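Residue numbers (the working numbering), protein chains in the order written: chain L, 3 to 496; chain A, 864 to 961; chain P, 215 to 355; chain Y, -5 to 325.
Derived by calculation from the structure, the hints in this document are not laboratory data.
There could be a bad hint or two in this list.
Claimed, not checked - Computed beta-carbon distance windows for the label pairs:
{"no.": "1", "chain 1": "A", "residue 1": "878", "chain 2": "L", "residue 2": "78", "range": "40 to 46 angstroms"}
{"no.": "2", "chain 1": "L", "residue 1": "422", "chain 2": "Y", "residue 2": "28", "range": "17 to 23 angstroms"}
{"no.": "3", "chain 1": "Y", "residue 1": "42", "chain 2": "A", "residue 2": "927", "range": "27 to 33 angstroms"}
To be verified - Now the stretches of chain P that chain L is said to cover, found in silico as 3 or more residues with beta-carbon under 8 angstroms:
{"no.": "4", "stretch": "217 to 225"}
{"no.": "5", "stretch": "249 to 261"}
{"no.": "6", "stretch": "267 to 275"}
{"no.": "7", "stretch": "287 to 293"}
{"no.": "8", "stretch": "304 to 310"}
Because the structure is a prediction, the values reported are computed rather than measured.
Each residue gets a CB set at the ideal place from its N, CA and C atoms; glycine is no exception.
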Amino acid sequence: MIEAPETWLPTAIAGLVGLSLAVAVVATAWPRQAHRIGLFGALAVFAWVLGLSALFVAAGPEAEAAATRVALGGWEAPLGLMLHLDGLSMTLLVLTAIVALATSLYSLGYIHDRIERRQFWPLWLWLWAGLNMLFLSGDAFNLYITLEVVSLSAVALVAFTGTAAAVSGAVRYLLINILGSLSFLMGVVLLFGEHGVLDLVLLEARSEAGPTERMAAVLMTAGLMLKAALFPLHVWLAPAHGSAPAPVSAVLSGLVVTGSFYLLLRLWMGVFAPLATPAFGILIGLLGVAALIWGSAQALRAGRLKSIVAYSTVAQFGYLLVAFPLMLVDPDAWRVVVFFAVVHALAKASVFLAAGTLQHAAGHDRLAELGGVLRARPRTVFALGLAGVSLMGLPFTGGFIAKYLLLEAGLGTILAGSVIGVLWVVAIAGGGLLAAAYVLRMVAPAFHRGPERAGEAVSPWMDWVPLGLATVAALAGFAGTLTLHTLTLTPGAP
Amino acid sequence: MIANTLTVILVLAGLVFFAAGTAGLLRFPDVYSRLHALTKADNVGLGLVILGLMFQAGGPADILKLILIWVLVLAAGTTAAHMVAQRTWTHGEFESDR
Amino acid sequence: MNGLAELAHTLAPGLLYPTGGAILFAMGLYGLIRRHHLVLRILALNIMGSGVFMVLLGVAARGEGPPDPVAQALTLTGIVVAVSATAFALALVVHLTRLTGHAVMLPGPPDDDAPVEDISREEHHADGGPAAPHPDQDRNP
Amino acid sequence: MSLLLVIFDLVLLAGIIGVAWRCLASTDLFRAVVLFITFGLLLALAWVRLEAPDIALAEAAIGAGITGALLLVTLERLRSIMAERHSGRPHTPPPDPSGPHALLRALHDPPPERHSFFPALIFALVVGSLLVTALWHQPQSTGLEPVVDAHMDVSGVDHPITAVLLNFRAYDTFLELAIVLIALLGAWSLGRHDLIPARPAPGPILPGTLRLLVPVAIVTGVYVLWAGSHAPGGAFQAGAILGAAGILLVLARPRQLPMAPGIPLRLGITAGVALFLLVGLYGLGAGHGFLGYADAWAYPLIILIEVAATLSIALTLVALFVAGRPAGDDA
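So here's chain L without its partners, still in its complex pose (with noise of 0.2 angstroms):
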C-alpha cells in the first residue's frame, strides 16, 4: 500500500533544502572535484524538485495549507521556522532548477580553466541553493538570511573574472544589495515591533491598515525593488549583468531578479494586503511603462550585445509592473504575471547563453564586428532568435500566451470602466514592438551578406544548450495550463 502524497510532502520539502546544501558545502570542501559534484549535484537536485513537484500536485486539491508547512527542528511558528510550500512557490522551484540545470551543463563547457572552476562551482551551487531556501522560506526574518547568501554569492559570481568592468560592476551590485537587505530587514524588524511575530502567515493574519504596516510596505518594497532592479532603481543592472560570465548573466537576469519580484508579490498578496489601494496600483503601473520604454531605448542604442540583453531585463521588468494595476483590478491576473516571470527567466537565460557562445567565439561582444560569427554560428542564432521571439510574444510560444492573457486582463479593465486602463493595453501591446526590434537588432547581421568567420571553437555545451533552453522557453505555452493550475494552489490568493 503506497503512502498518500501529502505524508511524504513534508520530508521532500526539507529533503530538497538539505540535498542542495550538502552539495554546496561538498563542492566548498573538495573544490579540486567541484565539476563533477556540481554536475551530478544538479542532476540529483533537478530530479528531486521534479519529483517534489509531481507529489505536490498529486497532493494538490486535498493539501491543505497547513500540510505544506514544514517545521524546522519540530519547533512550530511563532517559536520556529517554518518551510512553506505552496503553488507560486513550486512554480518557481521548478523554473529554477530548469535554468540552474541548463546554466551547470552550459557552464562545463563555458568555464574549463582549472582555477576559475574551482571558484565558480561552489559559488554557483550556494547561489542556486540560496533560491532554494528563498521560494521555500516562511520566515520574514529568514528570508532575509536567504536573501543575502543569494546576493552575497551572485555578487562574487559577478567578480570572480577580475576584470576591471566585472569589480566595478560587482562593488556597485554589492553596495546595492546590501542597501536592499538593509532596507528590507528594517521592514521586518518594524513588523515585528508590532506583532511580536515572524512567521509570514501569523504575520498575515494580524496585519492591518496602521502606521507600522504603511512603513514596512515602503521599506521592504524599496529594497526589494533596489534587488530587482525595477524602474527607478535599476541603474546597477546593465554593470553587473553584463560584464558577468554568461552563465552568471544568465543566472542573474533569469533568477535572482525574478526571485526578488517572487517575495514582492508574495508580501503583497500577503502580509500587505491591506494596504493594496488602486491609487498604489497607478503609480506602480506608471514606473512599469516608465521602466518599459527607458530600458528599450537603451537596448536599441547599446553597442554590445550583452548589455542590449541587460537593459531588456529592464524593460521586461517593466512589464511586470504594469501588470500590477491590472491585480488589483482582475485578482486572478496574478497568476499570468507569475507566468510572465517564469517565460521571460526561460527566455532570457537562454538569450544570455548564446549570448555567451558567441563572444566566446568571437572574442568579444560588440554588435557592430560580430557579423561574420553569427553568419557562422545558425544554431546560436537560432536559439538567440527563437528565445527572442519568446521575449517578443510571438504566436505559439510561452511569451505570446502570457501577453494574450495579460492583454485581455488590460481589456477586461477597459470594459470595466477605467480610463487608464487603455495605457496598460497600449504599453503591453507597444512593449512588444519595441522587444521585436532590439532582438531583431541582435540576430539582423546574421542575415547580412559577408564573409562567415568561425572564430574560437566552440564545446558541444554551449553549442546545444542554450538551443534547448530556448526551445524550452518556446514550448512553455504548452504547459501554461499546467502552471496556472498549479498556481491556484496558493492558500489565501484568489
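Knowing the structure of chain L, use the given hints to seat chains A, P and Y on it.
Quick look at chains A, P and Y alone, frame taken from chain L:
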C-alpha cells in the same frame, strides 16, 4: 557601607587620572609626550577603578578576573604605545597630528 | 518632580533606543548618498545596519520582564552577516583600486562599449589577476 | 534613579549619534575608521544598557574589533597600492618617506558637492521621521519571550539566546555560518596576490606581548564558548576572539606567514557548516525534522556544533583579514 564608600572614592580618584591623561592627550605638543601622559595616567586610573570595583566583587573568581583585565590592558596598552612610538621614530609624525 | 518622573517613564529604553536607531538609519542613508569614497560608503551602510539592530534590541527591551531572546539572537545573526558582507566589500574595493587606481563609485553606469575580458578563452588565466591595469577604463565623463 | 538612567541613555545616544556623524562627515578616511571603531564600542555600551550582554560581547569583538581590523588593513592596502602607482615601479611595502604623505593623498575623500545636500537631507529626514512615527505608534509588547521561556526545559541548554540560535532557529544560524563562508569564497575568488602591507616593529616587545596574549585569548575563547550554554557567550563570540588572536599572529610576522596547506584549510573553514548539516540531515532521517534533535541529545549535539562552528569562524575571519587566496589552495 564602608565598601561602597571606598568604591566611590577609588573610582572617582581613577576618573581624575583618566581626565588628566585625556587632557594630556589633547594638550601636549608631540606624540611622545602624549603617549607618556596617556599610558601612565590611564594605567593608574584603570588600576584605581579596578581596585574600587573589587569591593563590589561577588567572590575570589570575580576579583581574579578584574586583576586579569588590568594586567591584560597594561600589556596591550604598553605594547601599543611602544609600537606607536617606534613608528613615529622611524617614519616621522603624521601631518594631521600637528 | 512628578512631571520629571513621568518624563522618565515615557522615555523608557524601549522607546528611546528605537528612536535613536531610526536616526542612525536615516543618517547612514544620508552619508551613503553624499559620500563617494567606497570605504566611506561601506561605513555608512554599517551605520545603517547598526541603526536597524538598535531598533530591534530596543523593541526587544520593551515592556516589563526580561528582554526578548529571539530579537537578541536575530541581532547576533545580523552582526555576523554585516561583518561578512563588509569583509567581502572591502576585498572588492582593494581589488578595484588595484585595477583602476581609484576607490570611488562613479555616478552613472560604466561605458557600455568598454572591452570585456572573456574567461572562456584559453589565454585567460586566473592565477594573478590581469597583468596590465587599465587606469580609467570604467570612467564615464 | 530612573531619571538618572534616562539622562545616561540620552547622553549615550547623543554620543553615538555624534560619533557616527563625525565619522560620515570626515574627509580623512583614517579618522573616519577610528571614529567608526569608537562608534562600535559605544554601541556595545548601549547593548549592555538594553540588557543584551551577548550582543555587547559580539559587538565589541566582531562589530568593533574584527571590522575595525579589516578596515585598517584595507586602508593600509589602499595606501600601498596608491604609493606603488604613483612611484611607477612595483614594490611592497612602499618606501618609508612617502608613507604618511601618500596615505594622506590616497585616503582622502573630498567634501561632498553642494548640489546633493538638500535632496539627501530631505530624503533622510523623511525616512527618519516616518520610521520614528511608526515606532512611536507600536504597542509595548514583550515579543516572543514567554514562548521561548516555556520551551527552555526541552532546549538542551540553559541560556535562552543559545537555545534560540542553536535549537529553535537553528536554520538561521546555519545559514549565517554559510554566509561567512560565502564571503570568504568571494574574497578568495578575486585572486591570491595579497600580502599584509604593514611591517611589524622590530624588537622584543611585540613578540613578548604575543606570547602572553595569544594563550590568554585561546583560554578566553574556549571559556566563552563553554559559557554559552548557560550564560552570555557562544560560538560567534568565541570564534571572534580566537580569530582576533589569529589576526594578531598574522600581523606580527607577515613575512613568514606559514604556507597554509590547501586541503586542511578547506576542511577547517567548512567544518562548521558540514557538521551542522550532517546533524540536521540525521535529524531528518531520525524523524525529529530537519535540524532537529532528540531532547536527550540536544546538549551534546549543540556543543559539538558550536565547537566546529567556533573553529570555522576563527579560521574564516583570519582568512578574510589576509583576504587573498592562499597559494596552497590552488594545489
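Status of the hints after comparison with the structure:
no. : hint                               : in the structure
1   : A/878 <-> L/78: 40 to 46 angstroms : violated (52 angstroms)
2   : L/422 <-> Y/28: 17 to 23 angstroms : violated (55 angstroms)
3   : Y/42 <-> A/927: 27 to 33 angstroms : violated (22 angstroms)
4   : 217 to 225                         : violated (count 0)
5   : 249 to 261                         : holds (count 4)
6   : 267 to 275                         : holds (count 3)
7   : 287 to 293                         : holds (count 3)
8   : 304 to 310                         : holds (count 4)
Violation of the numbered hints given earlier is confined to hints 1, 2, 3 and 4; the remaining hints are satisfied by the structure.
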